[in-house]
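So you can see what is in the structure, the chains are spelled out below.
There are 6 protein chains.
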Amino acid sequence: MTLINKLEPQDDFIGFYLIKELEIKQTNSTPPKDYFDMTIGDSTGEMNAKFWDISESDKNMYKAMQLVKIQGSVQVYRDKPQIKILKMRTINENENISLNDFIKSAPIPSNELMQTIQQTIDNICDLKIKEIVLYCVKKVEDKLLHYPAAKTNHHAFFAGLAYHIVRMLEIGDFICKQRPFLNADLVKAGIILHDIAKPVEMNAQMGIVSEYSNQGKLIGHIAIASSWVTEAAITCGTSLDCDQVIGLQHLILSHHNLGEWGSPVQPQMAEAVALHYIDMIDAKLQMVEDSLSASPQHEEWTSTVRGLEGKQIFRTNF
Amino acid sequence: MTLINKLEPQDDFIGFYLIKELEIKQTNSTPPKDYFDMTIGDSTGEMNAKFWDISESDKNMYKAMQLVKIQGSVQVYRDKPQIKILKMRTINENENISLNDFIKSAPIPSNELMQTIQQTIDNICDLKIKEIVLYCVKKVEDKLLHYPAAKTNHHAFFAGLAYHIVRMLEIGDFICKQRPFLNADLVKAGIILHDIAKPVEMNAQMGIVSEYSNQGKLIGHIAIASSWVTEAAITCGTSLDCDQVIGLQHLILSHHNLGEWGSPVQPQMAEAVALHYIDMIDAKLQMVEDSLSASPQHEEWTSTVRGLEGKQIFRTNF
Amino acid sequence: MTLINKLEPQDDFIGFYLIKELEIKQTNSTPPKDYFDMTIGDSTGEMNAKFWDISESDKNMYKAMQLVKIQGSVQVYRDKPQIKILKMRTINENENISLNDFIKSAPIPSNELMQTIQQTIDNICDLKIKEIVLYCVKKVEDKLLHYPAAKTNHHAFFAGLAYHIVRMLEIGDFICKQRPFLNADLVKAGIILHDIAKPVEMNAQMGIVSEYSNQGKLIGHIAIASSWVTEAAITCGTSLDCDQVIGLQHLILSHHNLGEWGSPVQPQMAEAVALHYIDMIDAKLQMVEDSLSASPQHEEWTSTVRGLEGKQIFRTNF
Amino acid sequence: MTLINKLEPQDDFIGFYLIKELEIKQTNSTPPKDYFDMTIGDSTGEMNAKFWDISESDKNMYKAMQLVKIQGSVQVYRDKPQIKILKMRTINENENISLNDFIKSAPIPSNELMQTIQQTIDNICDLKIKEIVLYCVKKVEDKLLHYPAAKTNHHAFFAGLAYHIVRMLEIGDFICKQRPFLNADLVKAGIILHDIAKPVEMNAQMGIVSEYSNQGKLIGHIAIASSWVTEAAITCGTSLDCDQVIGLQHLILSHHNLGEWGSPVQPQMAEAVALHYIDMIDAKLQMVEDSLSASPQHEEWTSTVRGLEGKQIFRTNF
Amino acid sequence: MTLINKLEPQDDFIGFYLIKELEIKQTNSTPPKDYFDMTIGDSTGEMNAKFWDISESDKNMYKAMQLVKIQGSVQVYRDKPQIKILKMRTINENENISLNDFIKSAPIPSNELMQTIQQTIDNICDLKIKEIVLYCVKKVEDKLLHYPAAKTNHHAFFAGLAYHIVRMLEIGDFICKQRPFLNADLVKAGIILHDIAKPVEMNAQMGIVSEYSNQGKLIGHIAIASSWVTEAAITCGTSLDCDQVIGLQHLILSHHNLGEWGSPVQPQMAEAVALHYIDMIDAKLQMVEDSLSASPQHEEWTSTVRGLEGKQIFRTNF
Amino acid sequence: MTLINKLEPQDDFIGFYLIKELEIKQTNSTPPKDYFDMTIGDSTGEMNAKFWDISESDKNMYKAMQLVKIQGSVQVYRDKPQIKILKMRTINENENISLNDFIKSAPIPSNELMQTIQQTIDNICDLKIKEIVLYCVKKVEDKLLHYPAAKTNHHAFFAGLAYHIVRMLEIGDFICKQRPFLNADLVKAGIILHDIAKPVEMNAQMGIVSEYSNQGKLIGHIAIASSWVTEAAITCGTSLDCDQVIGLQHLILSHHNLGEWGSPVQPQMAEAVALHYIDMIDAKLQMVEDSLSASPQHEEWTSTVRGLEGKQIFRTNF
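Line order of the protein sequences matches chains Z, U, V, A, B and X.
With full-length UniProt numbering applied, the first sequence corresponds to residues 1 to 318, in that order.
With full-length UniProt numbering applied, the second sequence corresponds to residues 1 to 318, in that order.
With full-length UniProt numbering applied, the third sequence corresponds to residues 1 to 318, in that order.
With full-length UniProt numbering applied, the fourth sequence corresponds to residues 1 to 318, in that order.
With full-length UniProt numbering applied, the fifth sequence corresponds to residues 1 to 318, in that order.
With full-length UniProt numbering applied, the sixth sequence corresponds to residues 1 to 318, in that order.
Since the hints were made in silico from the structure, they are not lab data.
Some clues are possibly wrong.
[Unchecked claim] In silico DSSO-like links for lysine-lysine, alpha-carbon gap of 30 Å or less: (1) Lys59/A / Lys143/B; (2) Lys69/B / Lys33/A; (3) Lys6/A / Lys69/A.
[To be verified] The following label-pair restraints were derived from C-beta to C-beta distances: (4) Glu309/B / Glu141/V: 47 to 57 Å; (5) Leu258/U / Asn111/X: 34 to 44 Å; (6) Glu309/B / Glu300/U: 58 to 68 Å; (7) Ser303/U / His298/B: 27 to 37 Å; (8) Ser303/X / Trp301/V: 50 to 60 Å; (9) Glu8/X / Gln10/Z: 50 to 60 Å; (10) Lys25/B / Ser303/U: 14 to 24 Å; (11) Asn123/X / Thr304/U: 19 to 29 Å; (12) Cys242/X / Ile14/B: 50 to 60 Å.
Every residue gets a Cβ at the ideal spot worked out from N, C-alpha and C, and that includes glycine.
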C-alpha cells in the first residue's frame, strides 16, 4: 500500500486510490488506440496516470470519483512523474475502504467546525447582525460541511471553507482583544460572511472544485453574498438603509481590497481593513503549509505557488 | 445683464446670478476681516467670486442656492479669472427671475425624458425583466427628474442622468437593429438600470452634486443597483436564480468593464459588452461637447478634461 | 457532406474542405515516418487534421489553399477535437466546387461594400479631405475587396476590413445625426482611413492572414497610413500644414486611444474621440458575434476571446 | 487650558503648547513684514499657527521643540483650521510643565517595551540567531527608546517603533501557536529586525521625524539592516553562509513583499510570508486607529489616509 | 552685479537680468492693486520676482524677453526664494549688455555644433540615407541653431537640441567602433533625425519653450519626423518601400522604446536598440548635470528631477 | 564535421559535440522504452537531440558535459529542428578534441579580461574604494575567469561576466571623458562591483548556468554584493559610515533602476545614473548581437528575444 506522496520515479507499486479525473483519449498510432488519461489520488496528494490499451468494458466500468486498486510503475514525462498503470480493478465491498480516507480534509472534523461557527454566531450581540448572518449561513449550511475555499489557490480540500472561517475567527478574536476599538460583532460577521457565497460560485464534490457555476462567473461570490444580505434584511424586516446592513455589505464587497482583485469598493471601515488582512494572513500561510506538505521532505524547495507571486518556498531546517 | 461665459478679465458688469457655493473666510490682515468666498453661476457657466468686507447682516442674509443681483469686476488670480463683487443684493419678487434659468440643464425637458424612459419600459417584451426595471425606476422616480449623471465627469447638469439614459437608448436601439443577435430587452434594461442607483450614491440639488453619501462611498452605485434587482425580484416573486435576474445583475455589475474601474466582474454576455461601449461613447462625447461649449468660441483648445486622459480638446473649424 | 462546425468527437465523415495550412512533419517512431499536419476548413470553421503514412507523391500533390475531398474520423487530442484523415484526394473540375464556398466571408458581397465606401467618399463635402481619402483608398483598392481586418482578433474573414468600415460608417452616420456638432466629413474620412494600411501591414490570401510584413512590423499600419496622407497631400498639392491634413493624421494616429495600444498621440479632437469608440464598439461586438457563431449552439459558453480580456461569452437564451 | 483636538473654528483659547515647527516668513505687504509660520501641538494633535508682526527679540527667543503659552483664536484658511496667535511667551520653571506631556507617545512606557523586546530575545533558542539579534538591537538601543516607526505613515509617535515591534511580537506569538510548523525563533527575530535600521534611515527627535538621512535615502533601512546582520555575523564569528544568516537576511530583505514596495527579493520562506502580513495587519490597523482618534468624535469620516489607498475611514457607531 | 544662482534669502542686490516671463496680477487688498508677477533670469538660473505697486507707464514699458536693471531683496515664500523688486529700469544702449549673456546656452557655440552635424552627414556612405537626412535637416536648419531639446526635461537651453545631437553622435561613434556589426550610417542618421521635428512640435525663443504647437499636440514630433522621411523620399525620387526609408522611419518611430512613452512600434533593429539607449544615457546624464549645476554648491541634494523618477540627486564630494 | 548552426532540416551529418544536458526518459509505447533526451552543442549553438532505444551500458556511459561523436539526421518537431541520433560514441584521447572548442566563449581570452579588470583597479585613485573593490573581486577571482553574466538573458557564455565588465569599462571610460563632472573612480568601481556576486547567485560550469543557488534566490546578487562591501570595509578597517562605502553600496543597490527590476533604492548619484545606462546599453546590444549570430544568415528575423520586450530583431543588409 503506497501513498502518493511517497512514490518516486522508477517505483513499482500496488495500492488503493481515488480516480479524481478520467478522460478517454487516443494515441497517434495507426490505427489509434484508446487510453485513459487520469488523475489518481489519496489523502496525501495526486498524480497523473495513463492506462494504455483499454477495452470497451474498461470504458464502461471506470469513471471519476471511483475507488480502485492499481498496480503500476512511476515514470517521468516532461520532467514530471507520471504513473503507468499495469493493472486496475474496482474495489470489493469487503475491502472496507472508505472514500473519506482518500480525500484531503481539514484537520478538524467538519461538524466541529460548524459548531464553532454556530457558537460564534450565538455570541454576536447585535441582533440585526446576528439574524442576517444566521440567514446567510442557513442558505449554504449543507455545503459548508464539505466545500473547499477555492479551486486551487488555498484551502482546496474537504471542508476547507469552514476551516478557513474558523482559523480566521481565532485570529479575529485575538486582534479584537489587542485593539478594543474594533467592533467584534462586525469582525465576526465579516469573517463568516466574506466567502459565504463560494458554494454557489463553484461546483464541488468531496472537496474538489470541478468548475465555476454560471452565477459564479457572471456575478461572482462577492456580489452574490452582498445580495444575500439584502435578501436576509428583507426577510428579517430590517431596513436596507440601516448601518448594520450597509456595514455588512461593505465588509463583503471590500474584502479583496483592490478593484483589480475583484472588490468594487475599497475598505473604509476599521473592521473592513482588519477583515482583509486576517483573510490574507490565513490564506497565504495555508498556501505555504499546503505546498510544503505536498512536496517531499528531502526537497529544499517546493514547486511554484501561484498565490505567492509564483514563487517557490524554501524549507528551513534548523 | 452679462452671462458668465462672456466675462473677460478687466470687465465691469451687472447681472443676476445663482450663488452655487458660499463660505465665510477670513483675511490675513490684522485684525482679520471676514469675507465671502463664493462660486456664482448662470446657465452658461460659473466663476469664483470674492465679496470683501462683509457685515454681520450679510452673513445672515446670503447662502448657497440663492439668486442675487451683483455689480462687480473681473480680475485674474493665479492665472484664473475671478470676480470681485462691489455690490450685491437679493432679488425682488417682481423681478420675475426663475431659478431654472440659472442652472445648466439637459437640452430636453425632464418630463419628456421620463416619458421616453417609461415608453421604453412599456416596450420590453420579457415580463420578468419589465417588472424588475419598473420596480427599480420607481425607487428613484422623483430624483430621476433632476439628478445629474456624475459629480464632474460627464452629464453634470439638471436631469443629466435621465438625458444620458435616453441618448444611450437611442444608440442601443440602433445597435440592436444593426446586430439582431443582441437581446433588445436586455440592452434596454441594462441601459436604464446601469446608473439607476446614482441618486442614492450622491447627494444633489438642482443638478449639482454636493457630496457622495455614506452608502455611495461604502457600497457604491454598482452594488446598490445590483441589490435593488434582488429586492425587485423578491417583491415580484421572481426566482433569484432565473436567467433574467442573473443577466440584469451581470449587466449592472460589469458595465465599468474592468476591476480597476469598479466592476467586480467583466462583461461576459453580448449585451454586457454592448452596454459598456454604448455607455462609453455617450459619456465621452458628452464630455467633449461640454468642454467645448464651456470654453470661449475663439479659443482653439479647451481646458483639460479629466475623463479624457487629462487631455485638452482641439476645436476644428473647417 | 459534413460542415466543420457540425463535427463531434467519434464522428466518421466524408466531405469537401479547404487545406488552410499544411506542414510535413515526422513521427517519433523508429524509423520516423512523414505525415501531414494540416488545418482544414470550410465556411463554418476550421479544425486540425493529421494524415499519417503519406507517400512521396502525396507530398508533391498537396499544398495550402487547395480544395480536397476527405474521408476521416474525429478524435480528441489534448482536450481538442482533431481529424484523423483516412482518405484524401484532390477535386475534379466537374465536381463544380468553388473556392469561395469554403472561406468565411463578410455577410455582404465585397463589391457592394466597396460601392458603399465609394458613395461615402463622394458625399464628403470638403474637397481636400475627399481627395486625400480617395488617394489612400486607391492605393489598396484591390486588396480592400478581400482583406480581413485582423489576423485573429476581429473581422478575420474575406472582405472583413471593408465590412468593418461599412458597419462603422453606419454607426458614425447615426452618431453624427445625434450630435450635430461633430464634423461629419472628418468622421467619415477617419473611419475609412483608420485601418487603410492594414493590407500593407499583413500578408493575406482569401481572408486569411499568413503573417505580418516587414513594413507592418517595423512601422505599423498606423504610421504607414499617416505617411500616406502626407503622400496624398503632396500629390494633390495640398499644404502639409493645413488643418485638414493635420486633422486626418491626428484621427489615424490617435485611433488606438492609448500609447500602450499603439497610438503615439491620444484623441484630442471630438471626431477622434468618436472614431475610437465607434471602432471599439464594432470590433468588440464582432468578436462576440464571431465567437458565439463559432461555438456549438448547445454550449452555454464560447471558448475564451483574447480581445475581450480573455473572457468566455455566455449565450443568453430567453 | 484647551487641547488641540478640541479646538473648533471661531474658538478663542489660552494654553500651553509645544512648537513643533517654526519658520520665519514675510508678508506680501509693502514693506514686507516678518511673521512666524508654526506648527504647534500637544499630546492630542497639532495645528498650523501664524504669529504676525513679530519683533527681533521674538526671532531670537523662539525656536522648534520649545514649550510656550499661547493666547489665540481659530480661523479657517483654505478649508483647514489655523491658529492666529495673539500673545505668546515661554514657560516659567515653576509652571511645572514637562515636555513629555506634549508629545504623542506609545500607550505603553518606553522602558516596558524595551523589556518585552529583551525578554523575547532571551527566549530565542537558536544561539546564532540570538547573538545576531542582540548585536543589531544594541546598535540602536538608545534610539529604540524613543524613535517613531515612520515619518507620517504609521506609528509616527514617541517610541512608536518599539511599540510596533511589541504588538507584532504578540501577533507573531499567536500565529506561531496556531501554525506550529513555523519556526518561532525566525518569526521573533524577523519581527525585531525588520525595521531595526529605521533609526539610521531617519532623523527624529521626541518621536517626530524631521527628515531622511543620507544613508536612509541612498541605501534604505532594508539594505542597512541586512548589512548589520553581515556585521553581526563577522563580529560573532558566525559563517556568512550558514542558514541562520541567510534566513535572517531573507526575512529583512523580503518584508515589503514586492519590488515596487522596496524589497529586492520576495518572501520565499514560510516565516517571511508570516512576517510580511503580521507587519501589514499591525501597521494598517494602527493607521486606522490613529486617523480615527485624530478626527473629532462627531465626524463620521476621518481625513484621507495615504497608507490606506488614500481612503477616508468611516466611524461605525453601533 | 549679482548672479541669480548666488542669491540667498535676505540678500539685497543690484544687477542686470532678463525678464523671462511677466504677468500683470492684482492683490486681494481693497481696492486691489496691480503688480508684476515675473520670472527673471541670467545665464546661471532664474527666480520668481514680484514688483508691487506698479504704475500705468510700468505696464506699458515692461514685457517678456526684455533686459532690465533691478534693485531688490530676496525673501522666502512657501519655502522658495522669491525676489521683491524695489527699483527696476530698462537698460541704456551704452551699457553694452548683450541678450546672449543672459540665457543659458550649450557649452559649444551653435555654429560649431551645426558644422559637426553637417560633417557627419557628409560622411554617411549610403546615398539614399544621406539625401533624406539632408532634406530633413534643411527643413529646420535655422531653428536648429538655437532650439532647446525639450521644454523642461533635458537640454532646455539655447541650442540644446543641436548639442544633444552632437553629444549623441560622439557616443554613437564610440559604440559603432566597439560593436562593428552595427550599421554606422543608420546610427548617425537615427541620431540626427530622432528629434528633428521638435522645432515644429514646440514654439521656442532664445532657448525657452513657451508652448507646444497644434501640430506638436495633435501629431507629435515622432510622427511628424516620420512623415518628413516620406516627403524627403518623394522629393529625392527614392522608393517609399526601400529598406533605407523603412529603416529610418523605424528608427524615428521606435526611439522612445515603449508605447506608453510615445513610440507606436518598439525597437526591432540593432541600430534602433542602440539609438534608444544612446538617447537615454545622454538625456539622463544631462538632467543630472543640469540639476547639480542649478543647485547651490554647498547643498548636498538637488531639488527633485522629474525625468529621474522624481528623485533628488546627491552631490558626491570626495 | 558539421557545426550546429549550419544544420538544416533533412540533413544527415557526422561530428563531434558536447552533451550539454542529458535526461533518461521513457516512450509511451507498450512496453515503454528508455531514451536519451539531450541538448548537444558546439561553439556555434545548440540543439535538442533524441537517442532512441538505448541500452543499459549507454545509460552508464553518457552524461552531461561529455564530448561525443554523433551520426544523426535533422528532423522537425513542433516547428523546431531536432536531431535524431543514429550512432554515438565517446571520443578517444588521440582525437585531440578540447572541451574549450565546444563552448561559446567571450571573444577575448579570459586572462586578458582579468588583466584589464586588474589594471582598472590599479588605476583607482581613492584608496578606500580601491581596497574594497580588490577585496570583493578576490572573493570570486577564480569564477570570474569563466562565469557567464546571466542564465539566458545576455552574455550567457564562458567568461561572459568578465567580458561584460570590460566592455562596460570601455564605455564608462568614454562617458567620464565626455562628462568630466563624473567621479571616474566611482564609475569604474560601480562597473566592476555591480554584478560581482553573480557567481554566488548562480551555479555555472563552462559558461552554462544550471540553476540559481539558495543564496541567489533568497538574497539575490544585489544584496549579496552590498554585504560584501560591508565585509570588505570591516576587514580593511574603513568606517561603514564613510561616503565611499555608502556610495559603493548605493551604486550596487540602485543599478537595476526600479523596484520592480530588483533595486531597493533608485539611482540618486550621478555615477549611479551613468552605471545603470552603461549596463543597459551593453547588455541590450549584446542580446541583439547574440540573437543575430544565433539565427541563420539568410533569415531576416531572429527568434524572439525575452530581454527586448519579447521582440524579434530584423537583420539590416544594406
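The hints, checked one at a time:
Under the criterion of a C-alpha separation no larger than 30 Å, the hint pairing Lys59/A with Lys143/B is inconsistent with the structure, at around 53 Å. At roughly 25 Å between alpha-carbon atoms, Lys69/B and Lys33/A fall within 30 Å of each other, so this suggested pair holds. With a C-alpha separation of about 17 Å, the suggested pair Lys6/A and Lys69/A falls inside the 30 Å cut-off, and the hint holds. Restraint check, Glu309/B to Glu141/V: a C-beta distance of roughly 50 Å satisfies the suggested window 47 to 57 Å.
Look at Leu258/U against Asn111/X: about 57 Å separates their beta carbons, and that is not inside 34 to 44 Å. A C-beta distance of roughly 34 Å is found between Glu309/B and Glu300/U, which places it outside the suggested range of 58 to 68 Å. Distance hint check for Ser303/U and His298/B: the Cβ-Cβ separation is about 42 Å, which falls outside the suggested range of 27 to 37 Å. For Ser303/X and Trp301/V, the hinted distance range of 50 to 60 Å is not satisfied, since their beta carbons lie about 35 Å from each other.
A hinted range of 50 to 60 Å for the beta carbons of Glu8/X and Gln10/Z is inconsistent with their spacing of about 38 Å. Range check, Lys25/B to Ser303/U: about 19 Å between beta-carbon atoms, so the 14 to 24 Å window is met. At roughly 54 Å, the beta-carbon separation of Asn123/X and Thr304/U lies outside the given 19 to 29 Å, and the hint is violated. At about 44 Å, the beta-carbon gap between Cys242/X and Ile14/B misses the expected band of 50 to 60 Å.
When each numbered hint is compared with the structure, violations occur for hints 1, 5, 6, 7, 8, 9, 11 and 12.
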